[in-house]
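Undergrad: Listed here are the chains, written in short residue letters.
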Amino acid sequence: KAGVTQTPRYLIKTRGQQVTLSCSPISGHRSVSWYQQTPGQGLQFLFEYFSETQRNKGNFPGRFSGRQFSNSRSEMNVSTLELGDSALYLCASSPGAGRAYGYTFGSGTRLTVV
Amino acid sequence: GQNIDQPTEMTATEGAIVQINCTYQTSGFNGLFWYQQHAGEAPTFLSYNVLDGLEEKGRFSSFLSRSKGYSYLLLKELQMKDSASYLCAGEGAAGNKLTFGGGTRVLVKP
Chain C
221 KAGVTQTPRY
231 LIKTRGQQVT
241 LSCSPISGHR
251 SVSWYQQTPG
261 QGLQFLFEYF
271 SETQRNKGNF
281 PGRFSGRQFS
291 NSRSEMNVST
301 LELGDSALYL
311 CASSPGAGRA
321 YGYTFGSGTR
331 LTVV
Chain V
3 GQNIDQPTEM
13 TATEGAIVQI
23 NCTYQTSGFN
33 GLFWYQQHAG
43 EAPTFLSYNV
53 LDGLEEKGRF
63 SSFLSRSKGY
73 SYLLLKELQM
83 KDSASYLCAG
93 EGAAGNKLTF
103 GGGTRVLVKP
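Chains C and V, in that order, give the protein sequences.
For the first sequence, this note's numbering begins at 221 and goes up steadily by one.
For the second sequence, this note's numbering begins at 3 and goes up steadily by one.
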């Protein structure tokens with residue numbers, strides 16, 4: 221079965237712009253979570269959606285937001301981009317409660333802010 | 003909260019064994035995951051421990067002691083393709099939120 225699909229794979233944006241990233245989870249998975257990965261901070265949790273509701277949120281400013289659609293696809297948006305937002309953004313899909321099922325990650329979107 | 007610590011880098015020889023340790027603060031914690039990440043690729047699931055003890059999966063084993071806030075990943079019969087970063091991650095009690103350590107880069111030499 222198809223894995224987790226993230227689009228686009230690469231993105232270059234200018235400071236002050238906004239960006240929308242997309243994640244399609246594994247068919248049947250209802251939970252999508254988002255992470256930011258940078259060399260300095262490692263992998264950090266952004267937020268998690270389940271059945272169109274945000275259940276968990278990490279410690280990121282309000283410029284970072286997300287949503288989930290009825291088909292479980294999720295988008296995250298970053299407004300007023302800063303240079304420090306340059307990172308690999310990963311989404312992870314799980315059936316519901318991750319636990320022993322594990323979380324399956326997509327290949328990520330590499331965002332560069334110039 | 004959860005602070006998760008693991009060594010930054012380890013080097014080992016092909017065919018050998020390497021043990022990657024992970025320590026964490028235990029509050030609000032459900033279980034512990036190990037992921038492998040090759041450069042430029044997505045993390046892939048290796049193991050999950052929720053009870054104390056050892057879980058074995060082929061060449062990879064993972065151990066957890068909840069009372070000590072300690073886990074390790076054991077890689078046996080190392081192969082060159084095992085050169086990667088290994089990420090220790092705790093799952094929060096509320097579920098579906100992983101807190102990652104900084105990752106351990108393992109370099110396997112011939």
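Hints should not be assumed to be uniformly reliable.
[Unchecked claim] Here are the simulated SDA-like cross-link-like pairs (lysine to any residue), alpha carbons at most 20 Å apart as the crow flies:
1. V:Lys-78 - V:Pro-9
2. V:Lys-83 - C:Lys-277
3. V:Lys-83 - V:Gln-39
4. V:Lys-59 - C:Thr-324
5. C:Lys-277 - V:Ala-95
These are calculated hints, taken from the structure and not from any lab test.
Undergrad: Evaluate each hint against the coordinates.
TA: Status of the hints after comparison with the structure:
1. Between Lys-78 (chain V) and Pro-9 (chain V), the direct Cα distance comes to roughly 18 Å. Compliance with the 20 Å bound is thereby established for this hinted pair.
2. As the CA atoms of Lys-83 (chain V) and Lys-277 (chain C) are separated by approximately 35 Å, the hinted pair breaks the 20 Å bound.
3. At most 20 Å may separate the alpha-carbon atoms for a hinted pair to count; Lys-83 (chain V) and Gln-39 (chain V) meet this at roughly 11 Å.
4. As the CA atoms of Lys-59 (chain V) and Thr-324 (chain C) are separated by approximately 18 Å, the hinted pair is consistent with the 20 Å bound.
5. Distance hint between Lys-277 (chain C) and Ala-95 (chain V) is fulfilled; the C-alpha atoms sit about 14 Å from each other, no more than 20 Å.
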